[in-house]
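K.L.:
Each chain, letter by letter, is given below.
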Amino acid sequence: MDRQFRNLILLCSAFACFTASALAQSSVDLREASWLASDHRIFALTHEPVMDRERILATAASTPFASEYTSLEAFRGDLELGEHLFKTPLLLGGQAAKAGLSCNSCHVNGRSNPAFQFPAISGEAGTADTTHSFFSKTLGNGEFDPVPIPDLTQPGKVSHDLETRDLEKFLGTIVVEEFGGEQPAPGVIEALSSYVRALRVSGQSPDVEFRRRSIARDLADAKAMAGHALSQLDEEGSALPILLLAGSRDRLAIIHERLIAGEHDTHRAWLTERSREMGAIQAMLRRDASPRGEAMRVLSQALSGWDEVPDFEIIERSTYYSENILTARNEP
Amino acid sequence: MTEQSKSPAFTRYHALGVLFATTLIAAPLAVASAAGGGGGGGGGGGSAPSASAQRYDPAEEYRSGITALDAGNYDAAIRHFKRVTRVARRNADAQYLLGISHLRSGDPRRARRPLEAATRNAPEMIIAHRDLAITYTQLERDDDAREVLDQLNVRSAACGANCAEKSILDEAIAAVEGALAGNAQAMIGVDTARLANASSADALYYQAVGLINEGEYAAALMRLDEAALAFGPHPDILTYQGFANRKLSQFHVAEAYYNRALTIAPHHLGALEYYGELKVERGDLDGARAHLAKLEELCSFGCYEAEELRTWIDNSET
Chain A
1 MDRQFRNLIL
11 LCSAFACFTA
21 SALAQSSVDL
31 REASWLASDH
41 RIFALTHEPV
51 MDRERILATA
61 ASTPFASEYT
71 SLEAFRGDLE
81 LGEHLFKTPL
91 LLGGQAAKAG
101 LSCNSCHVNG
111 RSNPAFQFPA
121 ISGEAGTADT
131 THSFFSKTLG
141 NGEFDPVPIP
151 DLTQPGKVSH
161 DLETRDLEKF
171 LGTIVVEEFG
181 GEQPAPGVIE
191 ALSSYVRALR
201 VSGQSPDVEF
211 RRRSIARDLA
221 DAKAMAGHAL
231 SQLDEEGSAL
241 PILLLAGSRD
251 RLAIIHERLI
261 AGEHDTHRAW
271 LTERSREMGA
281 IQAMLRRDAS
291 PRGEAMRVLS
301 QALSGWDEVP
311 DFEIIERSTY
321 YSENILTARN
331 EP
Chain B
1 MTEQSKSPAF
11 TRYHALGVLF
21 ATTLIAAPLA
31 VASAAGGGGG
41 GGGGGGSAPS
51 ASAQRYDPAE
61 EYRSGITALD
71 AGNYDAAIRH
81 FKRVTRVARR
91 NADAQYLLGI
101 SHLRSGDPRR
111 ARRPLEAATR
121 NAPEMIIAHR
131 DLAITYTQLE
141 RDDDAREVLD
151 QLNVRSAACG
161 ANCAEKSILD
171 EAIAAVEGAL
181 AGNAQAMIGV
191 DTARLANASS
201 ADALYYQAVG
211 LINEGEYAAA
221 LMRLDEAALA
231 FGPHPDILTY
241 QGFANRKLSQ
251 FHVAEAYYNR
261 ALTIAPHHLG
271 ALEYYGELKV
281 ERGDLDGARA
291 HLAKLEELCS
301 FGCYEAEELR
311 TWIDNSET
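So the sequence lines, in the order shown, correspond to chains A and B. Each residue of the first sequence is one higher than the one before, starting from 1 at the first, in our numbering. Each residue of the second sequence is one higher than the one before, starting from 1 at the first, in our numbering.
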């Protein structure tokens, strides 16, 4: 009996070792990991530059371009819209959208991204060949000439002059020519430009301060994007609300892939359900651009469902938002 | 791309369909073999055969072969490529590299058959013809080498001065002529260091996609062939081989590639999208909608592939 018991213990220990080993060796398949340099990866996956929206708004509000808006609220709305679009991969289209890259992937919260290293497109970490034909149908120059990714809060080479509107032209070129995106819907380039202008005048130090990434912030972004889509339903055309809903779904995807199947299934299901709801609204808007009232009603109802959000804070430490969990999994 | 090189491309990758259909059946045995035989438990680490079949990865075996070949570990390389060819009897890339492994180990006699098989299964694979001819010269079968040389010359003449394969054909012809003239330094094999290096092999793929973006589809197909030589059967590469052929209006060839990709990876978003677009081009909107429905089911959080295919369908309807 003792011998049988000892054998059972040995068997259980062996199984436990095998399981632990298998867990330690299993890789973490996060989309962002594919464009992050291996030696910076875990930090970059779990941290982001600090961003103080209120400060950016307050600083930008006192500059000439804010006077183009009728009210501070209108200005705030456009800055928020610009930020949402900045974080939406679908805006870029082509290979970038397929990979899940948005403007924010290279310019995290408007700064640079020293960990960015897209295969064959980057040289050193923090660089990108913006004239590589992998992304661009028209700007490929046949040479591998990556350049450092600029910090948009600092002075740069593109003029922000309000007379010439060089920035608007530049951003239009980036979307359509550098990344092969669709011609942006009315208001898109304007909002992006306002956001980028606000970043440059925000008076931030070149030294970047980092904070931990959190589910709460990503979720707030997703909800704000969906909320902005709702407000855009008052306007003409459905392209912009559809794009914003795509951005919102993408933020939910970022959270979803960081929750572990088998451990966080309730939370994963909640995220999937929210995304499916927004997908249904996108489909409704595509079918017919006119039923604004119905789309607004369904989206409002869907957004009210977000109030019953499961407690993500409790699980965050056991997800891939945690540096420890990612480190334990060794190679994300 | 010349007419001459169109159908061989299909022939070549028709083999991959057989390859993966066979792989699913043969996988449990292959896993057991790779693990040193194993005991009971189904040969798949205790899992059901269907589960272990999914885990068996001929592409991984193929990459191991390339690593061994580059390291000069020819016995191991031969072992790896033989395993791939055992379940993928018509995979020309594995056959070619098996031949090269034998050649580098100083055994042209054993290299001949896999190289012949590679040229048979992939008539468009110029380097396989070149190295088979050089192998013939080493076996003192110069008449056979001259026959291959003649074929290369015919192909070069058909190719014309500006075709994408021109420089490779010229190099191959010069190498075979050199071997026939007794030049022991005749070019043989491939740059295995480049193939073994994951970054440079990735670069082939990215260059190919870049060429596709520039509309250089024939040149892209050549890069994709190189990438296929580096990675073996890979759904991303097969998908773009399908895409480039589609853009060259070779719809049947394209369809074969998409099917190969989806056989390996039934949920491959790119293959589903591009195959759906092909169906739109053929007027099969119901088929395209079925692809879109599949993409929407797979993309719980939305995906660009679904957006693109939807646009294709919408545009064709309007």
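It should be emphasised that the hints constitute simulated quantities derived from the structure, not laboratory data. Heads up, a few of these hints could be off.
Calculated pairs, DSBU-like style, for lysine-lysine (alpha carbon to alpha carbon, straight line, at most 30 Å) [what the hints assert, rightly or not]:
hint	chain 1	residue 1	chain 2	residue 2
1	A	K223	B	K294
2	A	K137	B	K247
3	A	K137	A	K169
To give a feel for the contact side, a few chain B residues facing chain A, derived at Cβ under 7 Å [as the list claims (entries may be wrong)]:
hint	residue
4	C163
5	A198
6	A201
7	D202
8	E214
9	L248
10	S249
11	F251
12	G302
13	Y304
None of these values were measured; they are calculated from a predicted model. Glycine is no exception: its CB is placed at the ideal position from the N, C-alpha and C atoms.
K.L.:
Run every hint past the structure and note whether it holds.
P.N.:
Structure-based check of all given hints:
1. Under the criterion of a C-alpha separation no larger than 30 Å, the hint pairing K223/A with K294/B is consistent with the structure, at around 27 Å.
2. For the proposed pair K137/A and K247/B, the alpha carbon gap of about 15 Å is at most 30 Å, so the pair holds.
3. As the CA atoms of K137/A and K169/A are separated by approximately 18 Å, the hinted pair is consistent with the 30 Å bound.
4. The beta carbon of C163/B comes no nearer than 19 Å to any beta carbon in chain A, farther than 7 Å, and the hint placing it at the interface is violated.
5. Restraint check, A198/B versus chain A: the minimum CB separation of about 9 Å is more than 7 Å; hint violated.
6. The closest approach between the C-beta of A201/B and any C-beta of chain A is roughly 10 Å, which is over the 7 Å cut-off, so the hint fails.
7. Restraint check, D202/B versus chain A: the minimum CB separation of about 5 Å is within 7 Å; hint holds.
8. A hinted interface residue such as E214/B counts as satisfied when its beta carbon comes closer than 7 Å to some beta carbon of chain A; here the least separation is about 5 Å, so the hint holds.
9. Hint status for L248/B relative to chain A: violated, with the closest Cβ pair at about 17 Å, above 7 Å.
10. Because the smallest distance between the Cβ of S249/B and any Cβ of chain A comes to about 19 Å, over 7 Å, the interface hint for this residue is violated.
11. The interface hint given for F251/B is broken, as the beta carbon of that residue sits about 22 Å from the closest beta carbon of chain A, more than 7 Å.
12. Among the interface hints, the one on G302/B holds; its C-beta lies about 4 Å from the nearest C-beta in chain A, closer than the 7 Å criterion.
13. The criterion of a C-beta within 7 Å of any C-beta in chain A is met by Y304/B, whose closest approach is roughly 4 Å, and the hint holds.
Hint compliance for this structure: hints 4, 5, 6, 9, 10, 11 are broken, all remaining hints hold.
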